Amino acid sequence: MKIQKSYRSIQNAIDLVKEKFGADSKIALLFENCISNTLQTTIKILEDGSVFVITGDIPAMWLRDSSCQLRPFLLFAKEEPGLQELICGLIKKQMDCILIDPYANAFNESANGNCWEHDKTDMKPELWERKFEIDSLCFPVQLSYLLWKNTGCTSQFTAEWKKAAQLICSVFRVEQDHEHKSPYRFEREHCVPTDTLSREGKGALVKSNIGLIWSGFRPSDDSCTYGYLIPSNMLASVILKNISEIAEEIYGDTAFSKETALFSEEVRRAIETLAIVPGQEKEFYAYEIDGFGEYNIMDDANLPSLLSMPYFGYCGKGEERYRNTREVVLSERNPYYYEGSCAKGIGSPHTPVRYIWHIALAMQALTSDSPSEREELLNTLAHTDAGTGFMHEAFLADNADKYTRPWFSWANSVFCELILDCCGYRIIQ
Numbered sequence: 004m005k006i007q008k009s010y011r012s013i014q015n016a017i018d019l020v021k022e023k024f025g026a027d028s029k030i031a032l033l034f035e036n037c038i039s040n041t042l043q044t045t046i047k048i049l050e051d052g053s054v055f056v057i058t059g060d061i062p063a064m065w066l067r068d069s070s071c072q073l074r075p076f077l078l079f080a081k082e083e084p085g086l087q088e089l090i091c092g093l094i095k096k097q098m099d100c101i102l103i104d105p106y107a108n109a110f111n112e113s114a115n116g117n118c119w120e121h122d123k124t125d126m127k128p129e130l131w132e133r134k135f136e137i138d139s140l141c142f143p144v145q146l147s148y149l150l151w152k153n154t155g156c157t158s159q160f161t162a163e164w165k166k167a168a169q170l171i172c173s174v175f176r177v178e179q180d181h182e183h184k185s186p187y188r189f190e191r192e193h194c195v196p197t198d199t200l201s202r203e204g205k206g207a208l209v210k211s212n213i214g215l216i217w218s219g220f221r222p223s224d225d226s227c228t229y230g231y232l233i234p235s236n237m238l239a240s241v242i243l244k245n246i247s248e249i250a251e252e253i254y255g256d257t258a259f260s261k262e263t264a265l266f267s268e269e270v271r272r273a274i275e276t277l278a279i280v281p282g283q284e285k286e287f288y289a290y291e292i293d294g295f296g297e298y299n300i301m302d303d304a305n306l307p308s309l310l311s312m313p314y315f316g317y318c319g320k321g322e323e324r325y326r327n328t329r330e331v332v333l334s335e336r337n338p339y340y341y342e343g344s345c346a347k348g349i350g351s352p353h354t355p356v357r358y359i360w361h362i363a364l365a366m367q368a369l370t371s372d373s374p375s376e377r378e379e380l381l382n383t384l385a386h387t388d389a390g391t392g393f394m395h396e397a398f399l400a401d402n403a404d405k406y407t408r409p410w411f412s413w414a415n416s417v418f419c420e421l422i423l424d425c426c427g428y429r430i431i432q
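Count along the sequence shown starting at 1, add 3, and that's the number in my numbering.
Hints listed in this document are in silico derivations from the structure and should not be mistaken for laboratory results.
Check the hints yourself; a few may be wrong.
What the hints assert, rightly or not - In silico DSSO-like links for lysine-lysine, alpha-carbon gap of 27 Å or less:
hint, residue 1, residue 2
1, 152, 81
2, 23, 81
3, 152, 320
4, 23, 123
Note that the structure is a prediction, hence the values are computed from the model and not measured.
The whole structure should be built from the sequences, with the hints applied where relevant.
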């Protein structure tokens with residue numbers, strides 16, 4: 004069943020955006036299109052009450068993307084029980100997926116055997132793709148936590164939710180020693196190198212047991228150059244702390260609460276000790292490390308990113324290491340930062356050279372404390388939709404009419420969250 008209902012609180016927000024930016028402004032048009040499109044075209048309520056959210060032009064549900072797609076609706080869910088039910092339904096589906104396979108990133112609506120490729124890994128008919136990405140396990144937990152904190156809703160915290168949370172923690176522990184303990188392997192044949200893992204599916208060698216969690220792939224679904232992906236470890240530290248609070252307050256499980264609190268601190272300590280690029284005038288975080296002394300200085304448009312640290316709750320906008328890191332990733336030191344005749348911003352190796360992502364532009368604005376920077380970014384977003392009325396995955400820095408993925412719901416939702424932020428709507432972390 005598709006969503007047909009309109010919500011008064013969302014219409015009120017649309018009216019407020021029109022009042023702030025002008026009823027006929029490009030920003031108001033984009034906002035109304037984008038927020039309506041997510042509800043009307045990507046969400047399906049299944050017979051068991053769970054909710055399946057496609058990413059847009061691909062008929063599968065990514066754990067990360069679906070969480071981000073519905074995140075703006077947290078701002079209205081307290082007033083709209085129907086939205087609470089939708090988000091709870093998504094969380095139910097996500098946790099069921101994690102219990103099927105915590106190493107998979109994208110799932111089918113049912114056990115229909117559809118898939119992106121016939122990869123050499125432990126595939127199941129429910130899986131669309133089985134790329135292990137730390138953040139895939141993190142975002143559903145954070146969505147669950149934010150729903151609780153922003154609405155008071157606790158019906159998402161079922162027995163299955165707790166089983167999934169325990170499984171997540173167990174997988175994270177295993178992947179702290181990926182080299183010796185992990186059963187996970189992934190190989191894709193006849194593809195670009197970033198779509199598969201080296202060493203017969205095991206991935207590039209990392210130093211074991213240093214406190215960080217290994218990830219095979221980035222949020223872009225591209226393979227990691229070095230297996231310790233720092234933004235995703237940062238998010239893992241945040242959600243382990245979330246689980247600790249949920250375990251204590253909702254489930255009354257003091258032992259699990261203490262275990263996950265200590266785990267969160269362990270990961271954070273490893274990040275702050277090992278992920279700072281050495282020999283620099285200012286301290287900033289690497290994007291990836293291997294534990295042996297290799298550092299990847301870059302950032303990627305996909306979330307979580309180094310740019311998005313304050314957005315997902317790892318640090319504040321004003322913290323020195325974040326500000327230093329922001330300065331680096333928004334410069335030529337980041338090989339995926341591009342400046343062109345119509346825009347400047349962060350792209351990704353996942354898309355062509357000199358293509359900037361709308362998600363990255365919106366995130367840059369969301370994490371900025373500079374009114375002039377935000378205004379410039381809003382203007383860029385408003386003038387790079389190529390006349391479609393929607394956000395895209397990426398566009399050419401010199402010509403916004405050249406773009407990828409015309410229907411990319413994740414980008415629409417992050418844009419909506421930015422516009423709502425400009426109007427005073429804030430998600431409680």
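We went through each hint and held it up to the structure:
1. 152 / 81: With a Cα-Cα distance of about 10 Å, the restraint between residue 152 and residue 81 holds, given a limit of 27 Å.
2. 23 / 81: holds (23 Å)
3. 152 / 320: Holds. Residue 152 to residue 320 sits at ~21 Å (cutoff 27 Å).
4. 23 / 123: violated (52 Å)
When the structure is compared with the earlier hints, a violation turns up for hint 4 alone.
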